[in-house]
Amino acid sequence: MSGTEPRHDYLWDRTGPPDAEIARLEDILGALARREPAPALPLPPQGFLAAQWVGAALLAASVIIAVGGITLAYKFRQPGAAWTVTRLQGSPTIGSLEVGDRARLPVGGWLETNERARAALMVADIGHVEVQPRTRLRLVSTGQGSHVLQLERGSLYATISAPPGQFFVQTPSSTAIDLGCAYTLSVDEEGGGLIRVLVGWVGFAFGGRESIVPAGSACVTRRGVGPGTPYNERVSPAFREALQTIDFRGASPDAPPALDLILAEAEERDEVTLWHLLSRAPADDRDRVFDRLAAFVPPPTGVTREGIRAARPDMLDAWWNALGLGPRPALTK
Amino acid sequence: MTDVDDLVRAAQRGDRAAFGALYAQFGRLVHGVLLCRVGRTEVDDLVQEVFLTAFERLSTLREPSAFGAWLAAIARRRATDHLRRARPTDELPEDVAAPARPHAEAAQILGVIQRLPDAYRETLILRLVEGMTGPEIAARTGLTEGSVRVNLHRGMKMLRESLSGTQRVAR
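Residue numbers (the working numbering), protein chains in the order written: chain W, 79 to 411; chain A, -15 to 155.
There's no promise every hint is true.
[Stated by the list, open to error] No more than 20 Å apart at the CA atoms, straight line, and that leaves these computed lysine to aspartate or glutamate pairs for DMTMM-like:
#1 A:Lys141 / W:Asp87
#2 A:Lys141 / W:Glu104
#3 A:Lys141 / A:Asp102
[Unchecked claim] Chain A side only, calculated, beta carbon under 10 Å to chain W, not exhaustive:
#4 Leu6
#5 Gln9
#6 Asp28
#7 Phe35
#8 His66
#9 Leu67
#10 Arg111
#11 Glu114
Simulated from the structure, these hints should not be mistaken for laboratory data.
Using N, Cα and C, we set each Cβ at its ideal position, and we do this for glycine too.
Chain A with its partners taken away, still in its complex shape (with noise of 0.2 Å):
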């Protein structure tokens, strides 16, 4: 991994080529962290908004190694607004409208993890979806790896019930 802490002094300092880096870094996160709150069609326009809020706000960071953190903060702020903004509806968004088959099943489980606990759906979401390991998850929202291992096992557990009730309505 670079050294997200230059990165991050560096892009301060005007340095573009820096804040690409760290939107390479990063992007999953913020992917995942959206991801979890609104419907994925939207995720994309909305991690690209994420970057530039940070991009604009980010002379106001003071400790560069809790840029995860801030950029976490940043995505569920965003989704926040989203939601309010969009129809009024009280429900999670549906992504009903799947452009392709083999995604359905993706966005039945996405919508089953989508209902689970906070802390328990964002750190799913960014193992299972994203592909990001329980250290790099530590690693780029800030938390403790003990933090992210009970999560994601408590999680799993939540998840594999949830989903073994689903199929058995199903049936």
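The following block holds chain W by itself, in its conformation from the complex (with noise of 0.2 Å):
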């Protein structure tokens, strides 16, 4: 800026009294802004840049470095001393004050926006988080190694590089286990959720329900129940549909004709859907759903039905690795 006296311009930095015509044009341009959650961006799979130019050889060292360089880092990074809020839209509060363009959102404050206000939040120092309007938040705690949010209602975009399992979202419903990734977050009035995962991968448990949403995926929750099965966002509507029935109303009699719909529409993209619905699926109707994984990923030595209608944990674990994803993140320590 320039300048020696400070003026305000409400056009130029939202300083000032609003001029009300650029007030009007804001109301009315603002539906076609970009619309939040943004969609998943449908990255290429691990390593596709890579094998362009160097082939498969050079593609898992490429791999390898990168992961390194991450983790290098990360261990070389001064410790985040604070969560920082930045105003990015409208007046967001923490407690009963406004949020002036900077603030310092202490552990145990909440953080508030009304449905004209945005914030952005300094995870410590390792990502970032996008508040969206009519959303209620509080930090929880932040320290070495973990840092917890808790998202009352509405909707945020996070953005975390660090090692998985240090960034928490809690909900009335699940909590969202960061596993190195960007995802949007939503929580609606009835304490239910839905999750879209952007990049890389998200954790979702509540009790010993766990789910792993990868990107471009997404996932449902409901409070009492937790996290449902998580489903490429290609899917069609009578998918999703069919799933939450199973997820949700697993008992009603809604739900085997649902676990039709879902292995007749299954595709090889659908594998990490399958994967979840072999130990979710009635006991009884575990052998379609092997079936069907099956067509895709055939499971690897020692898995068998017996061992998948009784959801041996380690048999679930062989089969997921051989979907060729990585190891199967743990979830709880």
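Put the complex together from the two separate chains, hints included.
Next up, the structure:
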């Protein structure tokens, strides 16, 4: 900025009294803004770019180097001391105080946005969270290797660059566990929620129920039940509805036809969904899920129908590993 | 704001989460640049295409601090390609298929902005549609704050004149 005396200029930076016509245009044109949460970005599979240049042999090396680079970068970072809140739009509040351009969110503090407000949070030194309108969240704790937010309602966009399992968002129905990723998470008035993963992986857990959600996929959660089965964002609405029937109304008479629909529509891209259903479908139906998944990824040696019917963790892990998606992340320590 | 240079360097090393962060931070910029030029129903798909192109070419970007300007240039080229391949017309696409009435007035005003000179329409859309402030626009596009401020005020003056003319004609 230039000039020696401070001057308010609403068009420039929204300082000073709003210009009535500009405010009216903002209201009207805001309907055309980029919608939030943003659609998932379907990045090519890991290693795609390297493969273009150097072939398969260097591909593996590049992955190792990338992982090592991230780890080293993390190791030599300065630990973050505080969570800074930056106002992006409107008037977010911390407690009863309006956030100016910047403020600090203390442990235990609540950050709230109304229908016109947005804010950005720096997650210690590991990432960034954009808080969307009509959101209420609390910083539960932050310290070396563990950062916890509580999202009571509304939605946020998180991008985290740290080893898995350091950033958690508690919701009334599940906890989102960062596994090195970017995602949106929203919570409705009933405490249910939806997570959509843009990059990497997110774990979603409640009680002993866990879902692992990869990029390009989403997962619904319901209060009292926990996370549903993750699904690829390209599946049909009927597929999504059928999954919700199985996940949240599993004992209803609608569940068997719902599973019929899922198995009929499932494609190779749905292997993560099918893997979760191995242990979530009614025991009598698990053979059918077994057969459908086996059509895309054969069960590795040692994995048996009997073991899957009994939801044996060692066999589920073995089949997960056969999907070629990397080791199954441990969501609970 | 996170350090964009660090994110770009990390993404160049293959850190997909870092690229996700760039997608989050620069999404509104790309959306706005495209919205200046193509119909709004096509913008979401094109935003994704622009970021996928950027992801593929990221290794060619030598100066991380130029990421925003580089990305905006990709978006402008993508919009031009899109219009070239679209049905033959010399006019900017109209949003005649507005799905909801509340969007009708917005689409009408957008049409007026789209007819302003390049520099003004892009800055105005980033400010009025995407909700970015002048300093944010400067930081994201690589323009100087002085240029952005001038574009905003001159563009707003032209927009006011155009809108008052439109309203007179409408009466």
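Among the hints numbered above, which are violated by the structure, and what are their numbers in rising order? The structure conflicts with hints 8 and 9, although it agrees with all the remaining ones.
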